[in-house]
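Fit chain R to the known structure of chain X by using the hints.
Protein chains: 2
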Amino acid sequence: MRKNDVYFFERPAWVRTYSACVGKKEGEGPLGKCFDVVAGDDRFGQETWEQAERTMVQTSLNGAIQKARLQPGEIGCILGGDLLNQCVSTSYTVRDMGTRFFGLYGACSTMAESLILGAALVAGGMEDRVLCTASSHFCSAERQYRYPLQYGGQRTPTAQWTATASGSVLLTARQEGGRVAVTRAMAGRIFDPGVTDAANMGAAMAQAAFETLRGYFATTGEDPAAYDLIVTGDLAAVGRDVVLELAREEGIDFQGRYTDCGLLLYDREAQDVHAGGSGCGCSAAVLCGSILPDLERGRLRRVLFCGTGALLSPLTTSQGESIPGICHLVCLEVI
Amino acid sequence: MRKNDVYFFERPAWVRTYSACVGKKEGEGPLGKCFDVVAGDDRFGQETWEQAERTMVQTSLNGAIQKARLQPGEIGCILGGDLLNQCVSTSYTVRDMGTRFFGLYGACSTMAESLILGAALVAGGMEDRVLCTASSHFCSAERQYRYPLQYGGQRTPTAQWTATASGSVLLTARQEGGRVAVTRAMAGRIFDPGVTDAANMGAAMAQAAFETLRGYFATTGEDPAAYDLIVTGDLAAVGRDVVLELAREEGIDFQGRYTDCGLLLYDREAQDVHAGGSGCGCSAAVLCGSILPDLERGRLRRVLFCGTGALLSPLTTSQGESIPGICHLVCLEVI
Numbered sequence: 054m055r056k057n058d059v060y061f062f063e064r065p066a067w068v069r070t071y072s073a074c075v076g077k078k079e080g081e082g083p084l085g086k087c088f089d090v091v092a093g094d095d096r097f098g099q100e101t102w103e104q105a106e107r108t109m110v111q112t113s114l115n116g117a118i119q120k121a122r123l124q125p126g127e128i129g130c131i132l133g134g135d136l137l138n139q140c141v142s143t144s145y146t147v148r149d150m151g152t153r154f155f156g157l158y159g160a161c162s163t164m165a166e167s168l169i170l171g172a173a174l175v176a177g178g179m180e181d182r183v184l185c186t187a188s189s190h191f192c193s194a195e196r197q198y199r200y201p202l203q204y205g206g207q208r209t210p211t212a213q214w215t216a217t218a219s220g221s222v223l224l225t226a227r228q229e230g231g232r233v234a235v236t237r238a239m240a241g242r243i244f245d246p247g248v249t250d251a252a253n254m255g256a257a258m259a260q261a262a263f264e265t266l267r268g269y270f271a272t273t274g275e276d277p278a279a280y281d282l283i284v285t286g287d288l289a290a291v292g293r294d295v296v297l298e299l300a301r302e303e304g305i306d307f308q309g310r311y312t313d314c315g316l317l318l319y320d321r322e323a324q325d326v327h328a329g330g331s332g333c334g335c336s337a338a339v340l341c342g343s344i345l346p347d348l349e350r351g352r353l354r355r356v357l358f359c360g361t362g363a364l365l366s367p368l369t370t371s372q373g374e375s376i377p378g379i380c381h382l383v384c385l386e387v388i
Numbered sequence: 054m055r056k057n058d059v060y061f062f063e064r065p066a067w068v069r070t071y072s073a074c075v076g077k078k079e080g081e082g083p084l085g086k087c088f089d090v091v092a093g094d095d096r097f098g099q100e101t102w103e104q105a106e107r108t109m110v111q112t113s114l115n116g117a118i119q120k121a122r123l124q125p126g127e128i129g130c131i132l133g134g135d136l137l138n139q140c141v142s143t144s145y146t147v148r149d150m151g152t153r154f155f156g157l158y159g160a161c162s163t164m165a166e167s168l169i170l171g172a173a174l175v176a177g178g179m180e181d182r183v184l185c186t187a188s189s190h191f192c193s194a195e196r197q198y199r200y201p202l203q204y205g206g207q208r209t210p211t212a213q214w215t216a217t218a219s220g221s222v223l224l225t226a227r228q229e230g231g232r233v234a235v236t237r238a239m240a241g242r243i244f245d246p247g248v249t250d251a252a253n254m255g256a257a258m259a260q261a262a263f264e265t266l267r268g269y270f271a272t273t274g275e276d277p278a279a280y281d282l283i284v285t286g287d288l289a290a291v292g293r294d295v296v297l298e299l300a301r302e303e304g305i306d307f308q309g310r311y312t313d314c315g316l317l318l319y320d321r322e323a324q325d326v327h328a329g330g331s332g333c334g335c336s337a338a339v340l341c342g343s344i345l346p347d348l349e350r351g352r353l354r355r356v357l358f359c360g361t362g363a364l365l366s367p368l369t370t371s372q373g374e375s376i377p378g379i380c381h382l383v384c385l386e387v388i
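Chains as they are written, first to last, in our numbering: chain X, 54 to 388; chain R, 54 to 388.
So that you can see chain X by itself, here it is in the shape it has in the complex (with noise of 0.2 Å):
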């Protein structure tokens, strides 16, 4: 059921597996030894970034199937996309599969988009088994979206890090072992705050972030207490300061429960990230490799995880437009 904005699901979606990889800068970050696989380096074998991208898509897909002793053949569906023009690293990656496929873009809140999407159809009846991914490769996103890899740009202060990673969770309909659910989620609405630098993303999609977590809170009439961890996909520090700004100014205390997964996944001094993570891939594979084992373990019990998205395009930002936001929230429990 559904109550204002946010889903309710009276039967949860099981997180049965889950599985992330990344690129070798990632596994240096402070996640580094919690991802299944860290590649030695981020050609992952291939010949081109967009082939070495798919290696690692099928990477974190096969590992969240093949944990769950699944063969492909036994998951209902895969729901998931990537930056790459015509989300070409999922689909690729899928057609070898053989799996139904519904592609999806939400920009870097493709993780959450998926999770709600495939929590729809498990809760719904219509899925037993659906496979929930997003990724993201620094080397094939900079080259589409801003300068060839060799020019060299200078980076400014505000720019994020795309994250070389991919994340993959298997959703359930039975409770096939594990004890973590997606209970309940909550589809964002576009803002645009007028931010037309393309190198300042964080601060173009706060205001989204906050305006999903703000309406989540007054709907459900919870407060961030109830919660113990509460993380953006990809504000990284420009953003996540936005979002404290705007909270302070709307009475919300986050009571020190809020971070940003662009935050979490590099160290930033001395990984030259500037403001942080940025990418499908930094939430999908901070959510597999951190927040998904910590509430395995107990470690959390409620987490709030919100997808965000920066939903424009290299041709938009030519054309003077400014960059609407997403933020697509997904509640994540043991129970």
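Since the hints were made in silico from the structure, they are not lab data. Possibly wrong hints are sitting among the right ones.
Label pairs and their calculated CB-CB ranges [said to hold, decoys possible]:
{"id": "1", "chain 1": "R", "residue 1": "312", "chain 2": "X", "residue 2": "96", "range": "45 to 51 Å"}
{"id": "2", "chain 1": "X", "residue 1": "181", "chain 2": "R", "residue 2": "271", "range": "17 to 23 Å"}
{"id": "3", "chain 1": "X", "residue 1": "126", "chain 2": "R", "residue 2": "306", "range": "56 to 62 Å"}
A virtual CB, placed ideally from N, CA and C, is assigned to each residue, including glycine.
Relative to the frame of chain X, chain R by itself:
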């Protein structure tokens, strides 16, 4: 519930209203009189092709909302996408409507994909009213996928004409007037017969269309005679012939009930569209301009609407990759 790959909606999603907005050429085709709005010129009064496409999307979304005598705030969410990089035609349009949004990318299968997920959200009790939408614009798409229009590139005989068109369908949980419903649906698997010619997408998608139809008939135990119309999205002449050939080999007799939206939208002889129409807007506009009105009026009773998508990108083509196809099926019935 689901049986094999087919969703059977016990609570069907009702088609309340629908609206199609198309370009000048589409207005001059055989279905020209069927569309709600036909542009005087394809710029839709805007400065850029991208803004023109958004105006067209806005027109079809507003058309569906206004026919239902609703305000945008009474719509639960919008599901949809388009062909432009990062799906900006849809997201920038939705930005101005303040509605919850799920961005989809299914290439030219997007209209069918949005109907499946929209119907699943309605059938699962998550949403009361969802708007499903898809669009494409010849000028914005050609520039992005092929050549600048000014270049005047020669088109091959297998090439298709990207429709300048947008269609939007309002699905509701309760029967609020209409008598057509989405009763079943089937998300597709990806098939790739190895076509590498990006000017022959009909052939690349035909196998996926055939496999979806074969799987659907095998699961339901029905044959094509159970439907008044079986229509694929944009296989056009080349892909349609491949589907007919594959069906013949398999012993499936369409009994003259099968055609393709890419053949319905234009007069191939008079309008110089080579193999026929394509683009997300092709099937979306034929659905909203012709198929749904014919169901509403009782000229058709049961229809299989099969959105077809070629999940390539210009980059994968230039890297020598073949073209994966997908086909999502939606069963529309007068009940």
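Hints, verified against the model:
{"no.": "1", "hint": "R:312 x X:96: 45 to 51 Å", "verdict": "46 Å, holds"}
{"no.": "2", "hint": "X:181 x R:271: 17 to 23 Å", "verdict": "20 Å, holds"}
{"no.": "3", "hint": "X:126 x R:306: 56 to 62 Å", "verdict": "30 Å, violated"}
When the structure is compared with the earlier hints, a violation turns up for hint 3 alone.
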